[in-house]
Amino acid sequence: MLTYIIRRILALIPMLLVISFLVYLGLELTPGDAVSYMIPPDVAGNLSAEDLNALREQLGLNKSFLERYGIWLFNVLQGNFGHSLEGGVPIKDIFLDRLPATLELSAVAIFFSTVFGCVLGTIGALKRGSATDSGLTVAGMLGVSIPEFFFGLVALSYFSLHLEWLPVGGRLLPGHDSYWDRIPHLVLPGLVLSLMMTAGVMRYSRAAMLDALGREYIRTARAKGLPEWRVNLMHGLRTALTPVIVLIGFRLPTLIGGSVIIEQIFQWPGVGNEFIAAVRGQDYPLVMMIALFSVLAMLLASLIIDILTALIDPRVRLE
Amino acid sequence: MSDVALEVRDIRTYIYSNQRCNKAVDGVSFTIHRGKTLCIVGESGCGKSVTASAIMQLLPALSRIESGSIIYHSDKGEVRIDQLPRNGAKMRAIRGSEIAMIFQDPMTALNPVYTIGFQIAETLMYHTKLRGRRIRERSVELLRRMGIPLPEQRAAEYPHNFSGGMRQRAMIAMAMACSPKILIADEPTTALDVTIQAQIFELMERLKSEHDTAIMLITHDMGVVAELADEVAVMYMGKIVEAGTVDEVLRRPRHPYTRALLRSIPVLGRGKNQDIQPIRGSTPDPYERPPGCQFAPRCDFATSECDVMPEEAMLSSSHRVMCWHHERLANGA
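Residue numbers (our numbering), protein chains in the order written: chain A, 1 to 319; chain B, 1 to 333.
Okay, chain A solo, but in the shape it has when bound (with noise of 0.2 Å):
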């Protein structure tokens, strides 16, 4: 098993190369480069050619392409970034400062939708054709089908504008740091992403355990002569938690790269939002870390992914 965990990590490794490789290509196919954004047009007109190629000489911008990604290379895994184009920040600190309130929204509605939709879906599926049933999969159709900016907006007006029992926005209002402070921020947009990855969940959980449960090995237990929770729990959720768990993973890095919509409608400072301003700012090599810090949260949940099955479903482990 470990060598299986080790295995897989070196082998994130090429991939890992080949992929910053065509971000940087990326960067590189922008117009312009890094002294076209680092001198105003106006100065620029001012200065003679030798001045700027001066510059890029300087800067190391005249070297070969591959000479450069080397160079950028070595620096990124030296944890240097680079900086951002808008005010020079370095890259880094706009990762240290917006990743924790992405991952604190994560977590949560990875949580909840986690907990929600298996058991949901697992009731939606012994009770198959009840009343309750119908309920759920009606809820699960509106969930997966209603746009999260949709259900984003109402809760806001309903519960911020309305009852204003919560705020409309943000993360923490300035001199309040408490840990407790920071939930009431947290509700709305941790509820409605949530709600719409649980709708997913369920709709899943369900199907799978249907399946499941029609398997002959179900049958075996009940002629085992096992009470139903066990069978049901124990021989069908068991089994069926293995597409349910490649679902969630394949969540992850989305919300791990920033829920975009949810983050603009609650002014969530996380990457989400960074991403949406950096866009619209032009801002590459900001766009640029961001997407390979995405790609990196791809890779990782599908080892995480990888990981969590072979350890629930032995079959997985043969290779």
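Among the clues, some could well be false.
Said to hold, decoys possible - Incomplete in silico selection of chain B near chain A, CB under 7 Å:
{"hint": "1", "residue": "Met56"}
{"hint": "2", "residue": "Asn87"}
{"hint": "3", "residue": "Arg92"}
{"hint": "4", "residue": "Arg95"}
{"hint": "5", "residue": "Gly96"}
{"hint": "6", "residue": "Ser97"}
{"hint": "7", "residue": "Met101"}
{"hint": "8", "residue": "Ala109"}
{"hint": "9", "residue": "Leu110"}
{"hint": "10", "residue": "Pro112"}
{"hint": "11", "residue": "Val113"}
{"hint": "12", "residue": "Tyr126"}
Stated by the list, open to error - Computed far set for chain B versus chain A, every beta-carbon distance over 12 Å:
{"hint": "13", "residue": "Ser69"}
{"hint": "14", "residue": "Ser209"}
{"hint": "15", "residue": "Arg251"}
Simulated from the structure, these hints should not be mistaken for laboratory data.
Heads up, the beta-carbon is just placed ideally off N, CA and C, and yes, glycines get one too.
Assemble the complex: chain A is given as a structure, and chain B must be docked to it using the hints.
What follows is chain B alone, placed relative to chain A:
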């Protein structure tokens, strides 16, 4: 009659779907004796598996035992299985411990995510007072007795590590865990190759004689019947058309269907030129059954009488047949 293990009297089991009703088992009676094997033979869909499921109360949700009785003769007296709640405590106490069942396909009948040892231990946990290490020892012991090499090691492995024959042995170990009085085997070797099949049957024979277990073996293979059965019941479209001892049914079949079945299989030793006759036609749609004898449309002996369901005729104390023309068959027609 202390050697009777299970008595099934005139049970009817209907399966409902789309507002239609399939009379899957339509008035079936038989008894299973301790230490004996009853083979139930018939084509696919004749109701043999449904009968087995009815005894275990493992019928699908949209079906039920409509009438009749299933009486289990336990050590503590008779139990009316058909009157027990499906998944109630009493039924669960019988399942797996007093009456155990093994299934057709050991590939799918074992849960892929649990070890073989765990799946055997589950049965022991719910039906015996053994706990912890004793359960593990007993599981390993069961595997050993089923002829599985390296049982300690195999108990910790998963079903996908086992070959088909080994899985069926593990299934039997699971079924025999509590030394049940009755073992129901639903086509236990259909998914296995012939050599393995012989080994599995040998194993079942041994268990039968060692534990005095009553075996109800469901099969569609007449060769298996000849080999293993003490008694045979031939089912067709939800009814037992002929039943009796092996000798009576295989040597002197009195129902046209039994005779046709026997003629449709090759016999070893008769050479390659032997006359094998398939049964003509196919089984009728269970939702549009013939009015009388179910076999009449395919039968060479059918007359106008056959539009009415024949009564069961007793030919000896054990041999019974459900046909208007059984006497014509007796005269070697």
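Do the hints match the structure? See the list:
For Met56(B), the interface hint holds, the least distance from its beta-carbon to any beta-carbon of chain A being 6 Å, beneath 7 Å. Hint on Asn87(B) holds. Least Cβ distance to chain A is approximately 5 Å, under the 7 Å limit. With a cut of 7 Å, the hint placing Arg92(B) at the interface with chain A holds, because the nearest CB-to-CB distance is about 4 Å. Annotation: Arg95(B) was flagged as interfacial toward chain A, and the flag holds, the nearest CB pair being 4 Å apart, inside 7 Å.
At a threshold of 7 Å, the smallest CB-CB gap from Gly96(B) to chain A is about 4 Å, leaving the interface hint in force. For Ser97(B), the interface hint holds, since its Cβ comes within 7 Å of a Cβ in chain A; the closest pair sits about 6 Å apart. For Met101(B), the suggested interface contact is upheld, since its CB lies about 4 Å from the closest CB of chain A, less than 7 Å. Annotation: interface hint on Ala109(B) holds; nearest CB of chain A at approximately 5 Å, less than 7 Å.
Taking 7 Å as the C-beta cut-off, the interface hint given for Leu110(B) holds, the closest approach to chain A being about 6 Å. A hinted interface residue such as Pro112(B) counts as satisfied when its beta carbon comes closer than 7 Å to some beta carbon of chain A; here the least separation is about 6 Å, so the hint holds. At about 6 Å, the closest approach between the beta carbon of Val113(B) and any beta carbon in chain A falls short of 7 Å, and the interface hint on this residue holds. At about 6 Å, the closest approach between the beta carbon of Tyr126(B) and any beta carbon in chain A falls short of 7 Å, and the interface hint on this residue holds.
No Cβ of chain A comes within 12 Å of the Cβ of Ser69(B); the nearest lies about 21 Å off, and the non-interface call holds. At roughly 24 Å, the least C-beta separation between Ser209(B) and chain A is larger than 12 Å, which holds for a residue marked as non-interface. Non-interface status of Arg251(B) relative to chain A is upheld: no Cβ of that chain comes within 12 Å, the nearest being about 35 Å off.
In this structure, none of the earlier numbered hints is contradicted; all agree with it.
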